[in-house]
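Protein chains in written order, with my numbering: chain A, 1 to 297; chain B, 1 to 309.
Simulated from the structure, these hints should not be mistaken for lab results.
None of these values were measured; they are calculated from a predicted model.
The beta-carbon is built from N, C-alpha and C at its ideal position, and this holds for glycine as well.
A couple of the hints might just be wrong.
[Said to hold, decoys possible] The calculated label-pair distances, taken between Cβ atoms and stated as ranges, are:
1. A:Q96 <-> B:I290: 30 to 40 Å
2. A:P72 <-> B:G38: 47 to 57 Å
3. B:G159 <-> A:R34: 51 to 61 Å
4. A:L129 <-> B:V27: 46 to 56 Å
5. A:V50 <-> B:L297: 31 to 41 Å
6. B:E73 <-> A:Q135: 25 to 35 Å
7. B:D79 <-> A:Q241: 49 to 59 Å
8. B:Y23 <-> A:Q135: 44 to 54 Å
9. A:D196 <-> B:V178: 51 to 61 Å
10. A:L123 <-> B:L203: 38 to 48 Å
11. A:A192 <-> B:V27: 17 to 27 Å
12. A:T74 <-> B:I296: 29 to 39 Å
13. A:P70 <-> B:D79: 24 to 34 Å
[What the hints assert, rightly or not] Just a sample of chain B residues kept apart from chain A, beta carbon distances all over 10 Å, derived:
14. L24
15. D69
16. E73
17. G89
18. E95
19. R121
20. F125
21. A154
22. T163
23. I221
24. R227
25. V231
26. P256
27. G258
28. L301
29. S302
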Amino acid sequence: MTSAVIDREPLPDTAPQDPPRAGRRRRRHDQPPRWQLFVPLGVYLLFTLVPFYWMLLFALRESGSDSLVPWPITFEHFEKVWNERSFDTYFFNSIQVGVATMVMTLLVALSGGYALARFRFRLRMPFMLALLCSQFIPGALLLVPLFEVFRELQMLNSLGSVIIAETVFQLPLSMILISGFIRNVPPSLEEAAWVDGCSRLRGFLAIVLPLLRPGLVAVGSFAFVHSWNHFLFALMFLSSQDKQTIPVGLNTLIGSDSVDLGALAAGGVVAALPVVIVFAFIQRWLITGFSAGAVKG
Amino acid sequence: MADAVKARSRPLRRRRAGSTPRYLPYVLIAPAALLMLGFIAYPMLSVLQYSLRDYNVTKPWRNGFAGLDNFKEIFTEDDFFWDTLAFSGRWVLVEVALQLVFGLVLALLINQTFVGRGLARALVFSPWAVSGVLTSTIWILLYNPSTGVSRYLADAGIGEYGTSILSDPGTVFWGVVVAELWRGVPFFAILLLADLQSVSKDLYEAAAVDGAGRLRQFWHITLPHLRDAIVLSTLLRGVWEFNNVDLLYTLTHGGPAGATTTLPLYVAQTGIDGNEFGYAAALTTVAFVILLFCSILYLRLSKFGGDDQ
Numbered sequence: 001m002t003s004a005v006i007d008r009e010p011l012p013d014t015a016p017q018d019p020p021r022a023g024r025r026r027r028r029h030d031q032p033p034r035w036q037l038f039v040p041l042g043v044y045l046l047f048t049l050v051p052f053y054w055m056l057l058f059a060l061r062e063s064g065s066d067s068l069v070p071w072p073i074t075f076e077h078f079e080k081v082w083n084e085r086s087f088d089t090y091f092f093n094s095i096q097v098g099v100a101t102m103v104m105t106l107l108v109a110l111s112g113g114y115a116l117a118r119f120r121f122r123l124r125m126p127f128m129l130a131l132l133c134s135q136f137i138p139g140a141l142l143l144v145p146l147f148e149v150f151r152e153l154q155m156l157n158s159l160g161s162v163i164i165a166e167t168v169f170q171l172p173l174s175m176i177l178i179s180g181f182i183r184n185v186p187p188s189l190e191e192a193a194w195v196d197g198c199s200r201l202r203g204f205l206a207i208v209l210p211l212l213r214p215g216l217v218a219v220g221s222f223a224f225v226h227s228w229n230h231f232l233f234a235l236m237f238l239s240s241q242d243k244q245t246i247p248v249g250l251n252t253l254i255g256s257d258s259v260d261l262g263a264l265a266a267g268g269v270v271a272a273l274p275v276v277i278v279f280a281f282i283q284r285w286l287i288t289g290f291s292a293g294a295v296k297g
Numbered sequence: 001m002a003d004a005v006k007a008r009s010r011p012l013r014r015r016r017a018g019s020t021p022r023y024l025p026y027v028l029i030a031p032a033a034l035l036m037l038g039f040i041a042y043p044m045l046s047v048l049q050y051s052l053r054d055y056n057v058t059k060p061w062r063n064g065f066a067g068l069d070n071f072k073e074i075f076t077e078d079d080f081f082w083d084t085l086a087f088s089g090r091w092v093l094v095e096v097a098l099q100l101v102f103g104l105v106l107a108l109l110i111n112q113t114f115v116g117r118g119l120a121r122a123l124v125f126s127p128w129a130v131s132g133v134l135t136s137t138i139w140i141l142l143y144n145p146s147t148g149v150s151r152y153l154a155d156a157g158i159g160e161y162g163t164s165i166l167s168d169p170g171t172v173f174w175g176v177v178v179a180e181l182w183r184g185v186p187f188f189a190i191l192l193l194a195d196l197q198s199v200s201k202d203l204y205e206a207a208a209v210d211g212a213g214r215l216r217q218f219w220h221i222t223l224p225h226l227r228d229a230i231v232l233s234t235l236l237r238g239v240w241e242f243n244n245v246d247l248l249y250t251l252t253h254g255g256p257a258g259a260t261t262t263l264p265l266y267v268a269q270t271g272i273d274g275n276e277f278g279y280a281a282a283l284t285t286v287a288f289v290i291l292l293f294c295s296i297l298y299l300r301l302s303k304f305g306g307d308d309q
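Build the full structure now, drawing on both the sequences and the hints.
Here's what the structure looks like:
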């Protein structure tokens with residue numbers, strides 16, 4: 001394709017009866033009537049948002065009230081779960097697990113993903129195959145043997161056991177995605193840096209890493225959200241109450257004899273808040289991150 | 001020492017590798033490989049070993065070699081195993097099919113240009129970030145017979161008071177299906193949207209010029225393009241729905257009367273609540289073999305990656 005064609009790109013493919021409008025890449029005739037878009041989307045939005053609203057409603061209105069708006073508003077349920085139901089402890093434990101899992105996953109996956117993307121070595125294909133196969137191994141089914149492993153390592157009832165377990169199950173997919181991102185960075189960029197006297201590590205840090213940012217955000221937030229949400233490892237490996245995480249705390253609230261719905265809803269909001277905030281920041285990069293990984297992954 | 005290795009390996013090395021030692025890739029994959037060997041491969045092997053034992057952590061006196069007794073019990077005496085297997089199959093099929101259909105429709109809707117698309121996308125994708133336990137929490141609030149949605153509907157004259165969706169064996173299945181659907185659809189929508197955005201717009205324009213309507217464009221351009229993504233995402237999701245027990249464990253605890261117990265949930269209950277590690281390990285082995293078999297069969301039948309279009 002010559003540069004002349006690129007310069008005139010909007011013109012040749014525009015049908016004569018449809019004058020081009022500035023800033024619009026698609027034309028009217030591509031699009032269905034508006035109601036065919038907004039009616040189903042609106043219905044689906046209701047299905048998505050009503051459950052969230054229901055939880056907020058229960059968390060914010062007074063106990064015993066049956067109004068459909070949280071008014072008069074109260075924060076008693078939040079105080080209760082935070083102070084009396086130890087959600088303060090659970091919250092900081094969960095943050096530790098989430099952040100540590102994210103950092104470990106990214107470091108290990110970057111190092112392995114770089115090797116897979118840039119080197120041809122004898123164990124490359126077997127290793128790739130092992131990564132793919134491990135996707136079929138259910139974490140829930142390895143609970144019992146993992147419990148034994150951590151008992152041998154004397155790591156039971158420490159957050160480290162949960163962090164390691166979460167990282168291990170995040171690793172394969174993260175590494176496959178990251179190696180896809182690295183393959184999208186032209187090797188010539190790195191080689192130019194070596195010619196200029198950079199070491200491989202410095203070349204990587206200075207040239208490749210900045211280009212990987214969207215992908216790393218996607219993979220890292222994936223790891224954070226998963227470990228924040230995951231429940232069975234924490235339930236199985238952590239026995240004392242001051243080591244529990246948020247999902248286990250929620251499960252305790254659900255399982256108590258007379259469920260305090262207000263407290264349960266408030267606990268749910270505390271559990272949802274960090275992931276919703278993370279999600280709001282990264283959802284745009286999530287799509288680009290996944291499509292970049294999918295191109296060659 | 002290092003120099004000696006370098007000198008010996010020099011003629012074999014590729015020219016482009018410059019000053020890179022040959023063992024570098026192995027050093028780079030070592031952390032990942034060690035973690036996976038220690039915490040996936042080793043536990044997998046020990047599952048096989050436990051499955052041949054009669055092993056209960058709370059009863060150290062019966063901790064011996066049992067041969068294939070666990071497996072014999074599973075296949076010949078344990079009727080509940082077959083119930084959980086049947087439920088697992090139904091659960092995975094219904095969930096994956098519904099999530100795929102809704103996710104695809106949602107991806108197609110969101111892929112169009114309209115005002116507020118960014119916000120709409122963020123909102124409809126948001127349940128993706130929500131955990132199984134949190135999903136349970138939300139749907140427990142919604143399904144509660146005295147304060148949930150059904151009560152307000154009854155106020156408005158729809159349905160009856162005191163409808164308890166989760167404790168009625170007739171409604172519990174669709175109750176949990178809807179809850180899991182709520183959280184599962186965004187996964188498909190996100191992955192399929194990523195793939196949709198890589199369809200060349202020229203194709204649609206060419207098809208439009210040739211007079212193809214939107215339905216035919218979807219059938220002949222969009223769907224073939226999404227094929228591999230659909231096969232892969234349904235497979236990953238199917239495996240995930242089979243394995244994931246968070247939601248069912250917390251929402252219904254497998255009840256009422258075991259009506260919503262999947263095979264992995266049965267394993268978790270046998271292991272966590274019952275402490276029957278040996279029997280749970282045997283169930284794990286069986287579940288894994290079934291899962292592997294179904295996955296290979298699915299990839300074969302769907303001719304994944306084949307160029308048979």
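Just double-check I221 of chain B for me: nearest Cβ-Cβ distance to chain A has to come out over 10 Å.
Answer for I221 of chain B: holds, closest chain A Cβ roughly 12 Å.
Find the nearest Cβ of chain A to the Cβ of P256 of chain B and say whether that gap is larger than 10 Å.
holds (16 Å)
Assessment of proposed distance window 31 to 41 Å (beta carbons of V50 of chain A, L297 of chain B):
holds (39 Å)
Are A192 of chain A and V27 of chain B spaced within 17 to 27 Å by their CB atoms?
Holds - the Cβ-Cβ distance for A192 of chain A and V27 of chain B, about 24 Å, lies within 17 to 27 Å.
Holds or violated: is the Cβ of V231 of chain B farther than 10 Å from all Cβ atoms of chain A?
holds (13 Å)
No chain A beta carbon within 10 Å of L24 of chain B's
The claim breaks: L24 of chain B does not keep its Cβ more than 10 Å from every Cβ of chain A (closest is about 7 Å).
Is it correct that the beta-carbon of G258 of chain B has no partner in chain A closer than or equal to 10 Å?
holds (17 Å)
Say whether it holds or is violated: L301 of chain B keeps its Cβ farther than 10 Å from all Cβ of chain A.
holds (17 Å)
Was A154 of chain B rightly flagged as not at the interface, with every chain A Cβ beyond 10 Å?
holds (12 Å)
Compute the least Cβ-Cβ separation between F125 of chain B and chain A, then decide whether it is above 10 Å.
violated (6 Å)
Quick one: are T74 of chain A and I296 of chain B within 29 to 39 Å, going by C-beta?
violated (55 Å)
Holds or violated: is the Cβ of T163 of chain B farther than 10 Å from all Cβ atoms of chain A?
T163 of chain B clear of chain A: closest Cβ-Cβ about 16 Å, beyond 10 Å.
Hints 3, 4, 7, 8, 12, 13, 14, 19 and 20 from the list above are not met by this structure, while the remaining hints are.
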